[in-house]
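The residues making up each chain are set out below.
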Amino acid sequence: MKYLSEYRDPALVEDYLKQIHQVTTKPWTLMEICGGQTHSLVKNGILDMLPEKITMVHGPGCPVCVTPISIIDEAIYLAKQPNIILCSFGDMLRVPGSKENLLEVKAMGADVRILYSPLEAVQLAKENPDKEVVFFAVGFETTAPANALSIVQAAQTGVKNYSILASHVLVPPAMEAILGDPDNLIDGFLAAGHVCTIMGMEEYYPIAEKYKCPVVITGFEPVDLLQGILMTVQQLEKGEYKVENQYTRYVQREGNKLAKATLEKVFEVSDRTWRGIGKIPMSGYEVNEKYKRYNSRIKFNLDLPAAEENKECISGAIMKGLKKPLQCPNFGKACRPEHPLGAPMVSSEGACAAYYHYASDQKPAEALS
Amino acid sequence: MCLAIPGKLLSITAQLDDTFRQGKVSFGGICKEVNLSMVPEAQIGDYVLVHVGVAIGRVDEAEAMQTFEYLKQMGEMEELNTPENKNQ
Ligand code: SF4
Numbered sequence: 001m002k003y004l005s006e007y008r009d010p011a012l013v014e015d016y017l018k019q020i021h022q023v024t025t026k027p028w029t030l031m032e033i034c035g036g037q038t039h040s041l042v043k044n045g046i047l048d049m050l051p052e053k054i055t056m057v058h059g060p061g062c063p064v065c066v067t068p069i070s071i072i073d074e075a076i077y078l079a080k081q082p083n084i085i086l087c088s089f090g091d092m093l094r095v096p097g098s099k100e101n102l103l104e105v106k107a108m109g110a111d112v113r114i115l116y117s118p119l120e121a122v123q124l125a126k127e128n129p130d131k132e133v134v135f136f137a138v139g140f141e142t143t144a145p146a147n148a149l150s151i152v153q154a155a156q157t158g159v160k161n162y163s164i165l166a167s168h169v170l171v172p173p174a175m176e177a178i179l180g181d182p183d184n185l186i187d188g189f190l191a192a193g194h195v196c197t198i199m200g201m202e203e204y205y206p207i208a209e210k211y212k213c214p215v216v217i218t219g220f221e222p223v224d225l226l227q228g229i230l231m232t233v234q235q236l237e238k239g240e241y242k243v244e245n246q247y248t249r250y251v252q253r254e255g256n257k258l259a260k261a262t263l264e265k266v267f268e269v270s271d272r273t274w275r276g277i278g279k280i281p282m283s284g285y286e287v288n289e290k291y292k293r294y295n296s297r298i299k300f301n302l303d304l305p306a307a308e309e310n311k312e313c314i315s316g317a318i319m320k321g322l323k324k325p326l327q328c329p330n331f332g333k334a335c336r337p338e339h340p341l342g343a344p345m346v347s348s349e350g351a352c353a354a355y356y357h358y359a360s361d362q363k364p365a366e367a368l369s
Numbered sequence: 001m002c003l004a005i006p007g008k009l010l011s012i013t014a015q016l017d018d019t020f021r022q023g024k025v026s027f028g029g030i031c032k033e034v035n036l037s038m039v040p041e042a043q044i045g046d047y048v049l050v051h052v053g054v055a056i057g058r059v060d061e062a063e064a065m066q067t068f069e070y071l072k073q074m075g076e077m078e079e080l081n082t083p084e085n086k087n088q
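These protein sequence lines are chains A and B, in that order. Read in order, the letters of the first sequence correspond to residues 1 to 369 in this note's numbering. Read in order, the letters of the second sequence correspond to residues 1 to 88 in this note's numbering.
FYI, nobody ran anything at the bench for these hints, they're computed from the structure. Among the hints, erroneous ones may be present.
Said to hold, decoys possible - Taking lysine-lysine pairs in the BS3-like style, the calculated list, with each CA pair at most 27 Å apart, reads: (1) B/32 to A/131; (2) A/290 to A/106; (3) A/18 to A/43; (4) A/279 to A/18; (5) A/260 to B/8; (6) A/257 to B/24; (7) A/131 to A/242; (8) B/32 to A/257; (9) B/32 to A/260; (10) B/8 to A/257; (11) A/126 to B/32; (12) B/8 to A/160; (13) A/265 to A/279; (14) B/24 to A/260; (15) A/126 to B/24; (16) A/26 to A/80; (17) A/26 to A/210; (18) A/106 to A/80.
Take these sequences, add in the hints, and give me the full structure.
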């Protein structure tokens, strides 16, 4: 209970914990989808406070972790072109590509810039008319609308030297891929709150029904997570499998209609390869035909050879909930945040980095199965 | 990077057409330009939930204050400062 005093509402936390301990009679494995939730669970020591019967496994909801090596290589290739300014969210710079990462390319003189928003990249394109500005557009449904909006903004204001290298991924197809895996151990999901702020709840009903698996849309604060866990376990103990919304203050059933309309305007759903997991059909967004002049892949005729994944990294098994970070033989040895072998050790939303920073005193976990 | 943070809409700084609006938003003192196209209902003084420079929803004030408190405690507000100015 060492972190309890840091909570914004310790009494509420204690109350939820007590209820979770009371309702849990059988062993359950729950997966939180979002890397922000993983970060919060580990950082706040929540994993140690849950009943032993509850195993939390950490899902693929970290865009830094699931962007495949091939796309990192594409970004590196573009960054090396003399007339290109490659912009990205900061976390992407240290993710290893097949030979190097963006930070190393930047150190060698490439114009790589870290931005807070894709809209800043459009502004940068306006200010540098003699350069091509590429935004490395990674993200889940939460981030995709901002990336789409940057294209709308460029189109509306006549900015032609802007394009995005899209690596968008979608939560529901990933959940299906995980649940459909014959080794799947997951009994219930905490769905990602902010993803649902955009997309709403509708997509999850067929999944809960088909796999008889409760889905509780959950926030990322300690109190949210505990309430989400409690709601999921209550369903499981009663044999129910409903879609419920813990995060009512930010999530409406229909999501944000304007954001969804912007996505539809600019993107089309496409197959996507997930780092560590492999190809998942119809699990991403690519720039559509109408806006193809803003698609870096078309603009620069990208056609790089497919890259091999690092076989020493077990991130795929971790993101499918089959293994925990401490079960990776490289954890904290060959693979550390300063020298990551795999992407989940890079971003603090990656499960391996979260364990490394906040839970490294833990003993290696028992095998899950 | 997936965090969405609530902030208070201080002023409208640009309005291209009916939907395209931009405004200044304060996140517990740190001010940022935010695109408001997806929250046409947001008025000056309202709290909006912001992710990578775009407001994606409106938030109740009390809720926003609590979230700030939590983010401050957790040291999660630094994401707002573009790392470019900070360390790269
Ligand atoms: S510890 Fe490193 S090598 Fe092992 S799964 Fe995590 S990122 Fe991959």
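Against the structure, the hints come out as follows:
1. B/32 to A/131: 26 Å, holds
2. A/290 to A/106: 33 Å, violated
3. A/18 to A/43: 20 Å, holds
4. A/279 to A/18: 41 Å, violated
5. A/260 to B/8: With a Cα-Cα distance of about 24 Å, the restraint between residue 260 of chain A and residue 8 of chain B holds, given a limit of 27 Å.
6. A/257 to B/24: 23 Å, holds
7. A/131 to A/242: 51 Å, violated
8. B/32 to A/257: Satisfied, since the Cα-Cα distance of roughly 24 Å is no more than 27 Å.
9. B/32 to A/260: 24 Å, holds
10. B/8 to A/257: 22 Å, holds
11. A/126 to B/32: 19 Å, holds
12. B/8 to A/160: Violated, at about 33 Å.
13. A/265 to A/279: Holds. Residue 265 of chain A to residue 279 of chain A sits at ~25 Å (cutoff 27 Å).
14. B/24 to A/260: Within the cut-off at roughly 24 Å; holds.
15. A/126 to B/24: With Cα atoms ~21 Å apart, residue 126 of chain A and residue 24 of chain B stay inside 27 Å; holds.
16. A/26 to A/80: 55 Å, violated
17. A/26 to A/210: Given pair residue 26 of chain A, residue 210 of chain A holds - Cα atoms ~22 Å apart, limit 27 Å.
18. A/106 to A/80: 9 Å, holds
Hint compliance for this structure: hints 2, 4, 7, 12, 16 are not met, and every other hint is.
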